[in-house]
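S.K.: Keeping their order, the protein sequence lines are chains A and B.
Counting in our numbering, the final residue of the first sequence is number 643, and the numbers go up one at a time with none missing.
Counting in our numbering, the final residue of the second sequence is number 106, and the numbers go up one at a time with none missing.
No lab work stands behind these hints: they were computed from the structure.
Note that the Cβ used here is the ideal one computed from N, Cα and C, for glycine as well.
One-sided excerpt, in silico: chain A residues whose CB lies under 10 Å from chain B:
1. Ile73
2. Pro159
3. Ile571
4. Phe574
5. Ala576
6. Leu578
7. Thr579
8. Phe581
9. Asn583
10. Lys638
Computed spacing ranges between beta-carbons, pair by pair:
11. Ala74(B) - Leu20(A): 19 to 27 Å
12. Leu45(B) - Asp30(A): 45 to 53 Å
13. Lys98(B) - Leu20(A): 29 to 37 Å
14. Gln285(A) - Ser48(B): 32 to 40 Å
15. Ile139(A) - Leu45(B): 15 to 23 Å
16. Leu146(A) - Ile94(B): 24 to 32 Å
Chain A is nowhere near these chain B residues, computed Cβ spacing over 12 Å in every case:
17. Val31
18. Ala35
19. Thr36
20. Thr39
21. Ser69
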Amino acid sequence: MILEEFSAWFVWVLPLIASLFVPIIGKYSDKARNYFVVAVAAATAVLALSLVPSVWSGDGTAKIFTVNWIPQISAGVYIDPLSVLFTCLVAFFALIIAIYSIGYMKGEDGLTRYYYLILLFIGSMIGLVIADNMLQMFIFWEMVGLCSYALISFWYKKPESIKAGVKVFIMTRIGDIALLAAIGILFMMFNTFSFHGVIGGIQDAAKAGTLNTALLVVVAFLVLGGAIAKSAQLPLFTWLYSAMEAPTSVSALLHAATMVKAGIYLLARFILIFAAAPALIIALQPYWFPTIAWIGVLTAIVGATLALTTTDIKGVLAYSTVSQIGFMMAGLGASATSAGLIGDGWFASLFHMVSHAFFEGLGFLIAGGIIHAIGTRDMRLMGGLKKAMPISFALMAIMIITTSGLPPFAAFFSKGLIVTSVTDAGYIAQVIILYATMAITFAYVVRMFSLVFMGKESEHLQKQHVHEAPKVMLIPAAVLAGLCIVWGLSQPLVASFMHVTLSEGLLGAFTNIEFPIFIALLIPTGLIAYFSYYKGFKGVRNFAAGKNPITTTLKHAYFFDDFYGAVSRGINNFSAALTRFENAVFGRYPDAAGTAVAHAADPEQATTLKKGPSSSFRNYVAAAVLGFIIIVVLIILKVGIGA
Amino acid sequence: MDFVILSLIMLSIGIYGLLTNRQLLKVFISVELIATAATLNFVMLASSMGVGLGQAFLILAFSTDTAVSGVILALLVIVSKKYGTSDMAKIIQILQSKGESEDEAQ
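All chains, please: the whole structure from these sequences, using the hints.
M.R.: Structure follows, in structure tokens:
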């Protein structure tokens, strides 16, 4: 018990404190700094793992350890299967990336800053998922956003990185406002920030019959807004593609495995909280859950179609992430049962969250190796890498099989479970879109694979000697590839860890109706993609290269960025118009007023001032006098009213 | 209620300043106005509800704000020394022309 409490605190405090030592150690030795970061990440991973046994053997309810923070608000850690699942994933992935960075970031400038931010991110991300109260969670929520911004703009001399960082920061802030509003409303209702306090409050109110479900539905929608921005869902998904300006190791850690999943964590956590009262889940069923499911499936298909068209290898992975998180959202949207309890969809979504972290992280690590070797992200300049990078080729093959959801790898079980639960929830239109997305998913991974590894070497590659990625980069990738293979099969174990009883076992994935539909869809799309991008069948390529409404829409990423651009241009124009208005109206007026006031105050000084170099000085004097007069008038008015 | 109106006015002035000014120092003053408006709103609502916590947060907010101001002012000094102006539009122009000349060099 004591060990558990110790681990629960130190698993996030340790990286936060250690991050402060990175600059000090970095001053003396680069090597020591790199190993220090790996050691801290390893210690964090051990601490995270040490939380598993007691949660597994427990009864699934949360354990809470708190200390006094601010009077009336206690900081604490909240240990339940959900938070421990996320903690372990983050800590494990942090270790993988810390090792990978040694190879990938070798010889870069500013590595001390990089490692400092990585450790700060690890601490904040674990702090976010393990926090007991919403205020604490919100602080860490902002901190991961800050780390994301700083790491995306890591190469601060490149204008694109700076722009991308700022864009990401602003777009995710939109969701933060919604989340803050939700937290505020919850505090108003229950007078507490802590999760267990809110759960208790909901239970008590439900028992007394005073539960304000209408207001809680509003809270639920605000929380959804926060999750949408952070997890790159429609309509705020475009930031994830821009975030690809970051170093690839950062993309793998933040923008594939952990930070973008914060939204999924948030929704999963709040579904647990709302489930404290079945009546509340039933109240959320008509609008909230279907909205999540719709956002999820639409994002899934939008992301998949965009992944099909982009020529940037990291862009494919970014849009793939958007699309896969759409699947998770669909799972969460299908997680309510008619009895007001949590169904399979909730678990399916979290299960897919982890398998996605493995295969997308693997994709990023290999893409990083390729970018490292040939110095470009453009897939049109790649091709025929099979010979030069055989190990990467084999690992990428595992990655595309997993991503497309073929059995028996991880995503087959997790995606299958999501589709089954969405079907069970009765979302027919959504299921059809999910099937279409799965077919497109297969097409885009085959396309990426063909463009990068198959075919002839491009001219760009013939000019340089391409080498396989170093071992320090391949081993972390190989570990993830191994997990891709075994994770799906561990589904019963994970379900018992999460204390969830699933309606069907592992074999159910093969016997139910979804499996044949899925395979029937994959064969034609796979063949089309294979012949178009590998065998030189021109039809699809010509269509994609041509100019027609579909390619234009895809090239503009469904015009979302154009819309945001128009909004910000509108604000700019408004600001320019306001400036012109100000100059026209107030530009001359204060001069005259200033002279007048100055004259009234002291004619002699005013003449001297007039000769002085700065005529605007008079304006300031005038403004100060004016302000003073206004204050005096206000005081007189107030006293007058008071009397 | 008066203080809500006062902080609303401060917020509006701050936003107006952000929209119309391109001088970094004036932008900074506008941001500070907005921050102060938020803090004022917060502490007054807390005290009207009889919660002492608001005042504790006020101290926290002000001390953080001061530290942040120090950093921002230092940055402003560096920027205006480096580019010889504190006009955002001009700095962006300088940066862009620099980027173009680098492109030409390559």
